Amino acid sequence: EPEVTQTPSHQVTQMGQEVILRCVPISNHLYFYWYRQILGQKVEFLVSFYNNEISEKSEIFDDQFSVERPDGSNFTLKIRSTKLEDSAMYFCASKEGGNSNQPQHFGDGTRLSIL
Amino acid sequence: EDQVTQSPEALRLQEGESSSLNCSYTVSGLRGLFWYRQDPGKGPEFLFTLYSAGEEKEKERLKATLTKKESFLHITAPKPEDSATYLCAVRSTTGAQKLVFGQGTRLTINP
Numbered sequence: 352e353p354e355v356t357q358t359p360s361h362q363v364t365q366m367g368q369e370v371i372l373r374c375v376p377i378s379n380h381l382y383f384y385w386y387r388q389i390l391g392q393k394v395e396f397l398v399s400f401y402n403n404e405i406s407e408k409s410e411i412f413d414d415q416f417s418v419e420r421p422d423g424s425n426f427t428l429k430i431r432s433t434k435l436e437d438s439a440m441y442f443c444a445s446k447e448g449g450n451s452n453q454p455q456h457f458g459d460g461t462r463l464s465i466l
Numbered sequence: 022e023d024q025v026t027q028s029p030e031a032l033r034l035q036e037g038e039s040s041s042l043n044c045s046y047t048v049s050g051l052r053g054l055f056w057y058r059q060d061p062g063k064g065p066e067f068l069f070t071l072y073s074a075g076e077e078k079e080k081e082r083l084k085a086t087l088t089k090k091e092s093f094l095h096i097t098a099p100k101p102e103d104s105a106t107y108l109c110a111v112r113s114t115t116g117a118q119k120l121v122f123g124q125g126t127r128l129t130i131n132p
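For the protein sequence lines, the chains are A and B, in the order given. Start counting the first sequence at 352; every next residue gets the next number (the numbering used here). Start counting the second sequence at 22; every next residue gets the next number (the numbering used here).
Same shape as in the complex, but just chain A:
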């Protein structure tokens, strides 16, 4: 069964450094998302991406964050200058089309630890 893959599974970074989290969505999917989950808290929406542009973003997704689809298969989340509070599990998700019927499928996440 097709799945969303994320790399790395665990990233440890010094505060202030840039980090790039990578995702390979399911191949025929058109909508892409990033969510995060701070330990013990809810899964929170960060951003959605369609047709090579951001379609929606949350208040969390400030100027320190950016997303890119550099080629036909990868979808990345960049954090320019990491803060301690960016430590969380980051999930990538993808969806086949715009129809409400279709669910978002999630990867297994990247655990980001900021030291």
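The set of hints was computed from the structure by calculation and includes no laboratory data. Keep in mind the model is a prediction, meaning the values are calculated, not measured. All C-beta atoms, glycine included, are put in the ideal place defined by N, C-alpha and C. Accuracy of the hints is not assured; some may be wrong.
Stated by the list, open to error - Once the Cα atoms are required to be at most 25 angstroms apart in a straight line, the calculated DMTMM-like pairs of lysine to aspartate or glutamate come out as:
no. : chain 1 : residue 1 : chain 2 : residue 2
1   : B       : Lys89     : B       : Asp60
2   : A       : Lys446    : B       : Asp23
3   : A       : Lys434    : A       : Glu407
4   : A       : Lys408    : B       : Asp23
5   : B       : Lys63     : A       : Asp459
Said to hold, decoys possible - Part of the chain B face toward chain A, derived, beta carbon under 8 angstroms:
no. : residue
6   : Pro61
7   : Lys63
8   : Gly64
9   : Phe67
10  : Lys89
11  : Phe93
12  : Leu108
13  : Ser113
14  : Gln118
15  : Phe122
16  : Gly123
17  : Gln124
18  : Ile130
19  : Pro132
Take the given structure of chain A and dock chain B to it, following the hints.
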């Protein structure tokens, strides 16, 4: 603002002991309510989508139902492998693509 509240936070059952998990939601207009299962260290795994009050979906020992204010995930004769955190999420008519999640119910099935 769209909100999702799940109860209980944690539930411990004996194998074979049926029960229900609750998801209460507040949205301006519901485009869909989604149930996911999350195992430790893994991403949410899709289970069901519900759209309108009265709708029901079933998969093995799980059945999801929907009213205008809440959804229930009924688990019948559970097995230890059903142990996981169950997440409820909504997509609203004003929220475009995003899902708003509840905090989850951590379900443990003892053999």
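Next on the checklist: For a quick check of understanding: which of the numbered hints are violated here, in increasing order?
Outcome noted: Failing hints, ascending: 1, 6, 10, 11, 13, 18, 19.
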